[in-house]
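Next come the chains, spelled out residue by residue.
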Amino acid sequence: MSLREMDLNQDPACATQSLSNYLPKDHPDENKWADCVHCGMCLESCPTYEITGQEQHSPRGRVHLIKSVAEGKLELNQFFSEPVFACLDCRACTTACPADVDVGGLIEEARGQVRQAIPLTGWQGAVSKLFLKGIFPKQTRLNKLGGLLKFYQKSGMQTAVRKTGLIKIMPDHLVEMESIMPEIKQPVREKYKNQTVIPAKGETKQEVAFLTGCIMDVMFSDINEATINVLTRNGNEVTIPKNQGCCGALHVHAGDRDTGRMLAKQNIEAFKDADKVIVNAAGCGCMLKEYPELFPDDPEWHEKAEEFSKKVEDISKHLHDTGYEKPKAEINKRITYHDACHLAHGQGIRQEPRDILLDIPGVEMVHMPNSDRCCGSAGIYNITNPEMAGAVLENKMANVPDDVEMISMGNPGCMLQMAIGVQKYGRNQEIVHTVQLLDWAYQKEDGKGDL
Amino acid sequence: MAAVKEIKSKDKHIQQLAAIVGGGRSILYQKEDLLAYDCDGFTIHKHLPKAVVFPKDTQEVAALVKYCHEHDLPFLARGAGTGLSGGAIPLNEEVIISMVRMKRLLSVDMENRRAVVEPGFVNLKLTNSISDKGYYYAPDPSSQYCCTIGGNVAENAGGAHCLKYGVTTNHILGLEVVMPNGDIIEIGKDGVADEPGYDLLGLITGSEGTLGIVTKIVVRILKNPEAKQTVLAYFDKVSDGSQAVSDIISSGIVPAALEMMDKTAIEGVEAAAFPVGHPKDIDAVLLIEVDGISAGIDEQIDEILKVCRNRNVREVKVAQDEAERGRWWANRKTGFGAMGAISPDYLVQDGVIPRSKLPVVLDRINQISHESGLRIANIFHAGDGNLHPLVLFDARVPGEIEKALEAGSACLKVCADVGGTITGEHGVGIEKREEMRFVFTEEEIAAQTDVREVFNPKNLLNAGKLFPSPGRCVEVKKEMKASVTP
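The listed protein sequences derive, respectively, from chains U and V. Heads up, the first sequence is in our numbering, so the first residue is 1 and it goes up one at a time. Heads up, the second sequence is in our numbering, so the first residue is 1 and it goes up one at a time.
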């Protein structure tokens, strides 16, 4: 028998109360892992465990490692960084967990630690710095990037790149992305820049402020437009606060909590006069609701963040709770619904978007098995972990029913990823945002639109 | 065998094992990568394995086992690692053979009502794969969302519905097993039950991974019952609840499931992720399910309601629809994990007692709780007398682990003393080795280890599990204590 020195656990139990191998700033919250009793109920919910079968790529395995760093058994090195960054942050485990362990929160805190300990260097560092610090937080630069993409599409350059074979030297996942890039239109923040209030059509039932999102407004401004249409049509007076910015989710997911905090403060200030903050991107909505997590040691901002987060509402939930006009025009389509992780697992919103779809005459809903399984988009995960993201997408696409015409969802990241999936696996579904469909139905009712 | 290039270890065994499974992501061997494998669902003892390998088929398993056998390397098989008695913890720096990548459903034979699965196939997935055709796989351990059927075979897993339908062993028709020397054998070929000769299926099932590694399993599948009704009953006194259990059984009804939770358990499940609104001031809740052909179900429900009312039930209700039934079961089946919401750690015990002794045993457990100063929640399969006392503790408080272990052991002693036994479905593993002496003499234990000798003469496969080491009682206890950690 050998219960001897290979037993790593000589540290007394109280070792967990110190920070041990964590850096003092922003260390993971001990109370979060104390909830985990290692039962394993999370295993099958985890897409990366499904693919690898490895404990360290499962929720409880990651929590085990996070705890191990605090116990001094593991250092902040690549053995920690890899499993922690391979997590999709899809939160499916938090739905499955009997003890409500906040795995997502722990992962984000752990990533913050890793980035403090081992800053990204080389190509990854450059790309991350460019996007996370240089572009996403700065709306003007984002708009310029949008302009460039628009130029790329309209000038014939896109055609040229595709025809000349230039595209062949790009990495596969970037090629996939390039090929499904939506047509770039005018951002709503540009369009309404001189208009402080967009009035409700008819009687004003309530005033809401709208978070346009960073990428959303550049890549999917038509969805923002649809959101505004749907809101105003249903008695909402909409304001688009000027100083709002990127929600910071991508930064927090990537372990850059400082920039995350900066953006959080910016948004809390920008929306301080609003009673309600409407969001149409699940990832952003989830982040906004979790702003308090960013200020554990700053009572003043923590309180402001708490207050702010209560005002945040996803568009589908808002419509569901405040009522909306059922469209009269028919959209005769077979549609399936994909639960964005940060809507279903992150915010517990599952039925509301489905109800909206079911309220559109002519829509035939088709069940998608495992509809709340991650698609692999996960913020910029599909750029940083293309291989795993691809495997996750493959599993997802296998669940998309064959005979549907549209896949509806409530998150832009998912929309891009699912579009890649449709193209990659030779499918022909159209990818739509739930609110977009509702807007199309209204348009059709008014004799506009082409559905 | 050629060395695998990307393997950074100079250890020749690692090199060779890597070559068998094709290297790359099919082997873990660096200390940090092994950390997540230092325990299973039983977290009190933690030990690092030598390596973890992920074979993809029976041939690879056989080759790995043969290599370990020839080079005297200790090894063990691991499924999802949800076991509650430490059966997959590498006490001897074992090579862990992880079965999770062998997770295919190989075939379903509706006509003969059987299915063939690989050991890494998750329990609930079998039912999910055949439910549209009106069939299901009966054994339903509460961890069925993620535990593997291979692990179920090793532990002879039970579950809420085993009262009527029997435990895993009653549903196994055939096995392919890699023997501890690497030979591949088949038992119950073609899934024909009851082959003549000794019941080897019965011996392997529940052997806790000490006799061989199962690589293919033929299981029985059942037709969905035509009708199903579920009842929830709240009692102000545990004794009334337990009497109701006895009355239901003696009335001649065989419920599909008959579950009970006590006050502390209710506090846990209500504080956790799947609350259903149980009153917090009751002493016991019963969850009773009957199923079968439609005719007669209503009469059984009427009888159950009558029995409960005779035993002073405070409130009793029948599930109105499948959704409500589902919520009640999710609340119950996530009960262990739910303890995380009211306690940082728990230790679950697994005693079996004659049903009639339930009130006495619960009193004694209460006493143990008072004496140890630790709270004990009770969740149990009341119908078959399988008790799960959950000892709640905080590993960060010095001395609490030892106290929890003592309290757990004392609970098992109570069960043994009233004529019961020390495990119903979780297995002995590491956790209950010493407690085997509560129910077996040294001679009886020796007779069983003699059986193991026949299959596993070198004792390389999952050594140190299931039985106490003969005559080393004191020493082992000391070692156990030394390895106790959060």
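Calculated directly from the structure, the hints in this document are not laboratory data. Keep in mind it's a predicted model, so treat the numbers as computed, not measured. Misleading hints may appear alongside valid ones.
Computed cross-link-like contacts, DSSO-like style, restricted to lysine-lysine with a CA-CA straight-line distance of at most 30 Å [to be verified]:
1. U:Lys150 to U:Lys205
2. U:Lys311 to U:Lys193
3. U:Lys32 to V:Lys56
4. V:Lys263 to U:Lys25
5. U:Lys32 to V:Lys263
6. V:Lys31 to U:Lys424
7. U:Lys326 to U:Lys150
Non-contacting residues of chain U with respect to chain V, defined by C-beta distances greater than 12 Å in every case (computed) [as the list claims (entries may be wrong)]:
8. Leu23
9. Ile51
10. Thr52
11. Val69
12. Asn234
13. Pro369
14. Ile380
All C-beta atoms, glycine included, are put in the ideal place defined by N, C-alpha and C.
Verification of the hints:
no. : hint                 : in the structure
1   : U:Lys150 to U:Lys205 : violated, 37 Å
2   : U:Lys311 to U:Lys193 : holds, 23 Å
3   : U:Lys32 to V:Lys56   : violated, 36 Å
4   : V:Lys263 to U:Lys25  : violated, 41 Å
5   : U:Lys32 to V:Lys263  : holds, 25 Å
6   : V:Lys31 to U:Lys424  : violated, 39 Å
7   : U:Lys326 to U:Lys150 : violated, 35 Å
8   : Leu23                : holds, 18 Å
9   : Ile51                : violated, 10 Å
10  : Thr52                : violated, 7 Å
11  : Val69                : violated, 10 Å
12  : Asn234               : holds, 30 Å
13  : Pro369               : violated, 9 Å
14  : Ile380               : holds, 23 Å
Violated hints for the displayed structure, listed by number in ascending order: 1, 3, 4, 6, 7, 9, 10, 11 and 13.
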